[in-house]
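I would like the entire structure built from these sequences, with the hints used as guidance.
Chain order of the listed sequences is P and A.
Taking the working numbering, the leading residue of the first sequence gets 561, the next gets one more, and so forth.
Taking the working numbering, the leading residue of the second sequence gets 561, the next gets one more, and so forth.
Since the hints were made in silico from the structure, they are not lab data.
Certain hints may be false.
Any copy will do: because identical chains look the same in the list, a pair fits if it lies in one copy or spans two.
Derived DSS-like pairs (lysine-lysine); straight-line CA-CA distance at most 30 angstroms [unchecked claim]:
no., residue 1, residue 2
1, K653, K752
2, K753, K798
3, K658, K607
4, K752, K695
5, K797, K787
6, K756, K695
7, K715, K798
8, K692, K574
9, K607, K776
Number of protein chains: 2
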Amino acid sequence: MRDLKREILTMVEKDLKEIEIALADNLNPYLDLVSDVAGHILFAGGKRLRPLLMVLSARICGYKGDYDKIFSTTFEYLHAATLLHDDLVDGAKLRRGKPVANSIWGNSTAVLVGDFLLARGLSIAAATGKLKVIKVIAGVTESMSQGEIHQLMRKGALDLTEAEYMEIIRRKTAVLFEGACRISAFIANASKKEEKAVSGYGYNMGMAFQMADDVKGSFWTSAASGKPEAGDIRKRKKTLPLVWALQHASEPDASRLREIYAAEATAPMSQPEVDEVLAILEGCGAHAEALGRARRYRDEALADLDALPIDPERRAEMRFLLESVIAI
Amino acid sequence: MRDLKREILTMVEKDLKEIEIALADNLNPYLDLVSDVAGHILFAGGKRLRPLLMVLSARICGYKGDYDKIFSTTFEYLHAATLLHDDLVDGAKLRRGKPVANSIWGNSTAVLVGDFLLARGLSIAAATGKLKVIKVIAGVTESMSQGEIHQLMRKGALDLTEAEYMEIIRRKTAVLFEGACRISAFIANASKKEEKAVSGYGYNMGMAFQMADDVKGSFWTSAASGKPEAGDIRKRKKTLPLVWALQHASEPDASRLREIYAAEATAPMSQPEVDEVLAILEGCGAHAEALGRARRYRDEALADLDALPIDPERRAEMRFLLESVIAI
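This is the structure:
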């Protein structure tokens, strides 16, 4: 009997190996320092989700060429650039257990290497020879920077609305996933219908990914999520469960949340407060609501796949990717 | 009698007005904060040298369309992005007499608005509909970020060689000037020969511009240069006259320079030390050498113009631009 899951895993592992090689081969800096800093962020155990999404998506759109792995590096370089700039914005100390680049090489070098990675991503996008690819990349970069700025502007705001939250994650996360899929359709010369379906898949996956991340960052054990337990709460992050609870919990609960979250943002939240927040988020239904929304976007992504005229095995690959990434 | 200089000035003033309008019209952010921060750096009395260079260069290549001013904003957006990121790198307090953006809005916002401006520049470049335009923009951005990083790496180094200095200013400055001219040839559908000549003009102008800037920053009065007198010396910048003197002055002079420049870089240089440095740079011929080099690049740019099969009035415009910009 065929073990489809095993076959998919083997194929994805091969893709990931080739993506890894392409990431190292296409950086091309002339300064060793740029290799060091870019390598620090690029080769720190990232899941290569964005390039893998592009590679699988190109395959279901019928791409037969040899350049998909190279083109896919655009998305990892772009992502790495935003991580370098984000770590500076967030004032984080560690990323994936390693000191952040700006703490080792300084803010200036981190900013400039981020700029270099943006430019490399762009050069590789230009190598596709397709102008519409570039337009998507430029639009994604504009969108991501504005999403980041919007989030930063409203960092301490307890009146952040759900609509604003959705707009921020759309710009910060979903448009890049959507762009990776749309571009895969372009390089595969797919039909308009396929382009629309895979782009929708990418967009909905990006939205689900961010919301699932919010759920994991508040409610999952460290062993299950691979992140610090209740880390988003401890850091007073404005995640979907919190935003929803502030607007929908009973007035005493909402008022207590505002009180806890209004405290000096630099001091970590105490354990009793974390427990209290968790109890409120569970009690008012914020956990269930966030989980439900993430699942609805995941299901939308599955529906987009169903709209694609592809063979069942290709569909199984995309379903597998979605389910392993979202995993809620 | 015709007053050609007057006519050129009138035409350039009209170009500059249109560039100014295009810069405001094509920013298109969705957040007011982005308008504020980008506007702070974009509308602070910049000379619009890079877009003007593209507009004039497109005209001599025979461009007849209406989009030159819009396309030219790419170069000002790109330049403004690097200024936002540079001010953070340099730790400067003021730019053109105004507080730097990162001192008003914080490092994070300055970095992210810089990213937005890079992306806007790219979107506008993509609007030319020409893939080779994008390739030039991507290459220029890679080059500029690496030039900045190289400069930053060697900031305190007294053994910076002339070859390194040349490589840094080529990457940081000359490739953008060259790119503005090359792209003007692309959008004008100019011949290979014209492309080569205007690109050479841009490159040599960029090199001359940076060297002239070095001369002004060390030796010109504040009234003549519009900058703080001996400002580059006071800030211990590694400019061409200094780099040259460290390698070519007599051993006692070079040793004294090393002593003064090795002092704690955060403390401003004292006036007696500034005077001593000036005397050494004049005495060993470093001033004359830097001036001579800047003029040689300017003359190379003029020779590139002479290679262009254009009518004398167009040539007079480009010569006028070169001479007003370099002015040494």
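Each hint tested on the structure:
Neither within a single protomer nor between protomers do K653 and K752 lie at most 30 angstroms apart by alpha-carbon distance, with minima of 44 angstroms and 51 angstroms respectively. For the homomeric pair K753 and K798, neither the shortest alpha-carbon distance inside one copy (36 angstroms) nor that between copies (58 angstroms) is at most 30 angstroms. In this homomeric assembly, K658 and K607 come within 30 angstroms of each other (Cα to Cα) only inside a single copy, at 16 angstroms, whereas the closest approach across copies is 44 angstroms. In this assembly of identical chains, K752 and K695 lie within 30 angstroms of each other by CA distance both inside one copy and across copies; the values are 17 angstroms within and 27 angstroms between.
In the homo-oligomer, the alpha carbons of K797 and K787 lie at most 30 angstroms apart inside one protomer (14 angstroms), although the nearest pairing across protomers, at 45 angstroms, exceeds that limit. For a Cα distance limit of 30 angstroms, the shortest separation of K756 from K695 qualifies both inside one copy, at 16 angstroms, and across copies, at 27 angstroms. Only within a single protomer do K715 and K798 lie at most 30 angstroms apart by alpha-carbon distance; the minimum there is 7 angstroms, versus 40 angstroms between protomers. Within a single copy, K692 and K574 get their C-alpha atoms as close as 29 angstroms, which meets the 30 angstroms cut-off; across copies the closest is 33 angstroms, which misses it.
In this assembly of identical chains, K607 and K776 lie within 30 angstroms of each other by CA distance solely inside one copy; the values are 17 angstroms within and 51 angstroms between copies.
This entry does not satisfy hints 1, 2, going by the numbered hints stated previously.
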